Amino acid sequence: MTNLKRVLVANRGEIALRLLRGLQALGKETVAVYSEADAAAPHLRAAHQAICVGPPPPGESYLKIDALIAAAQASGADAIHPGYGFLSENADFAAAVEAAGLTFIGPTATSIREMGDKTTAGEIARAAGIPTVPAHQPDGEVDAAKLQAAAKEIGVPVLVKAAAGGGGKGMRIAHSIAEIPDLVEAASREAQNAFGDGRVFLERYLENARHVEVQVVGDGAGHALVLGARDCSTQRRHQKLIEECPPPQLPTATHDAMLAAARSLVERSNYRGAGTVEFILANDGAFYFLEVNTRLQVEHPVTECVYGVDLLELQVSVAEGRGWPKELEQRQPQGHAVEVRVYAENPAAGFLPSTGTLTEVVWPQGPGVRVDAGVERGNEVSIYYDPLLAKIITYGEDRDRALDRMEQALAETFLAGVETSVQFCRELIAHEDFRATRVHTTYVAEKLENAAPAPPRDDDPWWQAAACVGWNLGQPDASGSGPSTRQPGAWDTLRDWRATP
Amino acid sequence: MTNLKRVLVANRGEIALRLLRGLQALGKETVAVYSEADAAAPHLRAAHQAICVGPPPPGESYLKIDALIAAAQASGADAIHPGYGFLSENADFAAAVEAAGLTFIGPTATSIREMGDKTTAGEIARAAGIPTVPAHQPDGEVDAAKLQAAAKEIGVPVLVKAAAGGGGKGMRIAHSIAEIPDLVEAASREAQNAFGDGRVFLERYLENARHVEVQVVGDGAGHALVLGARDCSTQRRHQKLIEECPPPQLPTATHDAMLAAARSLVERSNYRGAGTVEFILANDGAFYFLEVNTRLQVEHPVTECVYGVDLLELQVSVAEGRGWPKELEQRQPQGHAVEVRVYAENPAAGFLPSTGTLTEVVWPQGPGVRVDAGVERGNEVSIYYDPLLAKIITYGEDRDRALDRMEQALAETFLAGVETSVQFCRELIAHEDFRATRVHTTYVAEKLENAAPAPPRDDDPWWQAAACVGWNLGQPDASGSGPSTRQPGAWDTLRDWRATP
Amino acid sequence: MTTPSPTGRTKATMQQRDGSYWVSAPGVEEPFRVVAWTPPRLLLEHAGEVRAFTVAPGADGAVWLHHDGETRCIAKPDRRGAAGAAAHEGHDDLSAPMPGKVLEVLVAEGDTVEAGQRLVVIEAMKMENPLRAPHHSIVTKIHVGVGDAVAPGDSIIELDQAPAEASAD
Amino acid sequence: MTTPSPTGRTKATMQQRDGSYWVSAPGVEEPFRVVAWTPPRLLLEHAGEVRAFTVAPGADGAVWLHHDGETRCIAKPDRRGAAGAAAHEGHDDLSAPMPGKVLEVLVAEGDTVEAGQRLVVIEAMKMENPLRAPHHSIVTKIHVGVGDAVAPGDSIIELDQAPAEASAD
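Protein chains in written order, with this note's numbering: chain U, 452 to 952; chain C, 452 to 952; chain V, -9 to 159; chain F, -9 to 159.
Rather than coming from a laboratory, the hints here were simulated on the basis of the structure. A quick note: this is a predicted structure, and the numbers were derived from the prediction, not measured. We put the CB at the ideal spot given by N, CA and C, even for glycine. Hints are supplied without guarantee of correctness; some may be wrong.
Pair ranges (Cβ atoms, derived) [what the hints assert, rightly or not]:
id	chain 1	residue 1	chain 2	residue 2	range
1	C	574	U	887	54 to 62 Å
2	U	719	C	781	47 to 55 Å
3	C	719	U	702	41 to 49 Å
4	C	506	U	785	23 to 31 Å
5	C	781	U	643	52 to 60 Å
6	U	887	F	39	50 to 58 Å
7	U	887	V	16	16 to 24 Å
Here's a subset of chain V near chain C, in silico, CB distances under 8 Å, partners left out [said to hold, decoys possible]:
id	residue
8	25
9	26
10	28
11	37
12	40
13	91
14	92
15	137
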């Protein structure tokens, strides 16, 4: 049993803030790292110490293993938490951290390697008796005829997926046998770019399927703590948009079978740390193993709300060799939680990333609302990093109450300067299909494809009048002689400030 | 059973926001009212409709019964929620609302009258077998000799309290018999000012006592829902500063006896709506009935966190004649919650109110953090209204976790422009006395009296350098030719804005 | 003092009178009164009703507005005029929606393309983002090549709408 | 270009050099570099260490700062100088800490008062706020009467410290 004293968080954005805050609440000293593009980012002010690890491109900063380990050693950290994304599922990083005599708050390098590779993970799952989706793994060279034959055997539609991937990168759906070779090439190239590993495989594509995943924690010695399931079926571009805990309208037998499957996988593989076992739930009620994510997921807060746990605390506790309190194994879910991801993306333009300066940021507050934000007013949303700006989580006694609170919370949310997913998600959560749990993983794409483009709505005189005020009064009257509005504000204050010598 | 459609919230600040948000999440349409001083206040933008009810002084706006009822009728509201403070415990208001054919979301006028008067409430409590603190109620004229005789019988120290009061207004402690007449006069005057009722009474003052209160909901027909207790012992100037649920280190037998006493009071008085039964817990373990607050308390969120309920929803449900779900009667507390009140006050100057413009406001975020704020950047903190700016609530699996999260949350909180209670509460929560539950109702006053004045700490070169940047770069370089800092921010954006014709 | 608003279409104007600011919008007789303006918070009054907006500046003089749970970005009118000019009758000038790198050019000048067809793929934030044809068109000009870096607003490709297959009249 | 900081005691100064802003504080050899300044967020670097501050303007040129969980308000130095002058050796000039109304005047000019004794009661926000003597003193001047409205900074009462009972030397 070790007792970690000082932890370096090798990440940025909302997850870095969540980890730094959480570690400090656990009594740990913290070290943040940042790239030159992030000198104004909120995460670095949440830490006791902040270290610049390089220029803006991730490959020269947040992905630079030697710079991160050097920062940990220079700052006296005894552990590194990788967050999600970046190096969180990089086995070489985990190995390098341990080789430097530091604790890696995450699975062993071996586990990351085994589980991170979908092909190997699938074999482990099948060995544990968990069904996987019919699939084909091309060996070495990509041969068009072979691939087409394999696809025929699996049956179209067929999914082309990166072996090392996640988050929808390097993924394509083939609706005909003919387009397989082209799509394999595109997916492979994208996978090579994103993960440095261009291997792809084919898999039966299940239509109108749901994405359900199980939160697990392993102690590395064959024991598993299973903390329920999450539904993450609301996706766009194969990336999650809205998540819920517990999954709505999931038969208890299916729910329990998924949990049992996840438990068996963790126990058999001596998995250590927090992880997620992902399943695809076909529209006939069958479920198949998808993959294991060997990290804390973006959507972990919904589990925290409903199971009353702090998953970071469990990660730290396992990393310190203390396991978890036995009573957690009996913990029952209470209430319902939902998470909406706030992406800098324009839903009306196929969720294209949107960049710019956030000139205003207003987050929701109040009962049952948790905000994990990675940006604040004044920040630049750049092309360098993931477009996830923040997560809004609401909690209630049941699903409808949680969703009602989410509608209210999203209505309060305002980000100026970039397009976001907020309004789209608000409309979706109010929609009868969402309320009735009719959303599956391709629902958003299909709806958007069929949606008529929204008519321009700039004509409303109220909105025009408000815009006119912005254009005309956007700065305080330079002469200072105009009739001032009743309440002095930040911009009025500027005038006082300006008067200072 | 009625079904309320549109509710007017007759309040301002954080409670108005909490109610408007909550009502909208319950599917109600909402109406906000505001005074001319509050045209920039956040609460009015949380509602579907906002109506100005008068000039800044409360007596001409938020306390003006006819203006409020006229606003409700003009806006088509079918109910009024009074919040806390202002008219929330004014029986005439409740009666006038009902007389206008509207629903008053609160107790009956009769209940407010009975319970709101401490003398009458004490009689009801004693009739229900609940002990009250030895006391004396002067009849009519205040006679110095009589009062001194009564005080001698009760025993010093003696508390002088307003009969109609609350929140520490019109309250004095007499440590000797001699000072009784002067203190009675001062208390009576303050009570007359605050409540329009100068009646005061004497009561045995219990040293090192704790304040514990029980959350109740009555259906108006003799049934009670009892939702645990709160500890509100951390007070300054007889007003609460920090509250917790459940009360720490309270013997189960005492806890249960308090809940039973509160239940009996609600059942016997046919109380309707949410209310709080306040007790004083003497340092010998005995407890005495203090008073009943016939409203939603400031500190209701800690109960909501620990009992997983929405007290506003229960208020609305009772007002609609639907009572509450039976399963709530078995609800057990889960975890621990703490609330810190953010007052515009200077603790270093005896908690004197502080006024000014809030030039910056930063609230905490993340797991287990709830913020109910009534102000935002740019708002003016004026002398017209209560100095309570916001409440920060943290929740955790146990008391230490909730308090650790609170320390972290308060460290993130920043309000510029007025002095606040934030830093004082942060230091208090970190203090071993607080951690060990050694805080009683006069702890803060005694500590502050004995505290050495803090030495000036402006010399630190880091702080001086930061201040120097503010003085020199507080506005963007007018020439626009200086080396710009890396990240464009709100003030840089002003420059772009300025370029607009 | 009357400051003409730069709004092109609606010609909303702002006036200063009786110690208040007033905004006149076309098609509405009574002007809007600025009750409070503590940036970014705005309270407007019109015909006895008050409404709250949040107003913040955007790029290129655009303004971001929030009201009743809805967010809108209203472009600076002269810019919108320019965009309107580029998109003259039957002509589309597609520009880069974000900064990125051109990954693929899938068509050549002179090609006929279908509405929705992928024309150019731009990589940004590690994702491939296709630029699609808005109408059945002919490619008249391609401004980029594979590997080019593009900034938002850069012209990528120009199209002329092809004649409809069978017009009723 | 060197802008002298208005800080009275420490004479911190700001310089612009090599495309950065630098702040020199007395008693510290190496200057502080402004790494990022996106108001209200400031990142400073000094001797290889970076620290984050939040900086916002206050009344009368004061600056509010937040760092490492702590909030401080640093007054504009010339103002502090003036305050220092008022509080000359053995003299206290007590001013109103907030706007309010004088409710009671409990002493008269010439009275000797004890440290902590209540002198004047001001009502603000419906609370009675006593002004107390900071030292064992003699009341030299009372500037207010019962019912007077006072604004923050208004002089209320002046005191001269009374000689200590028994000074050792």
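Okay, the hints, checked on the actual structure:
{"no.": "1", "hint": "C:574 with U:887: 54 to 62 Å", "in the structure": "holds (55 Å)"}
{"no.": "2", "hint": "U:719 with C:781: 47 to 55 Å", "in the structure": "violated (40 Å)"}
{"no.": "3", "hint": "C:719 with U:702: 41 to 49 Å", "in the structure": "holds (48 Å)"}
{"no.": "4", "hint": "C:506 with U:785: 23 to 31 Å", "in the structure": "violated (47 Å)"}
{"no.": "5", "hint": "C:781 with U:643: 52 to 60 Å", "in the structure": "holds (58 Å)"}
{"no.": "6", "hint": "U:887 with F:39: 50 to 58 Å", "in the structure": "holds (56 Å)"}
{"no.": "7", "hint": "U:887 with V:16: 16 to 24 Å", "in the structure": "violated (43 Å)"}
{"no.": "8", "hint": "25", "in the structure": "holds (5 Å)"}
{"no.": "9", "hint": "26", "in the structure": "holds (4 Å)"}
{"no.": "10", "hint": "28", "in the structure": "holds (4 Å)"}
{"no.": "11", "hint": "37", "in the structure": "violated (13 Å)"}
{"no.": "12", "hint": "40", "in the structure": "holds (5 Å)"}
{"no.": "13", "hint": "91", "in the structure": "violated (23 Å)"}
{"no.": "14", "hint": "92", "in the structure": "violated (27 Å)"}
{"no.": "15", "hint": "137", "in the structure": "violated (28 Å)"}
When the structure is compared with the earlier hints, violations turn up for hints 2, 4, 7, 11, 13, 14 and 15 and for no others.
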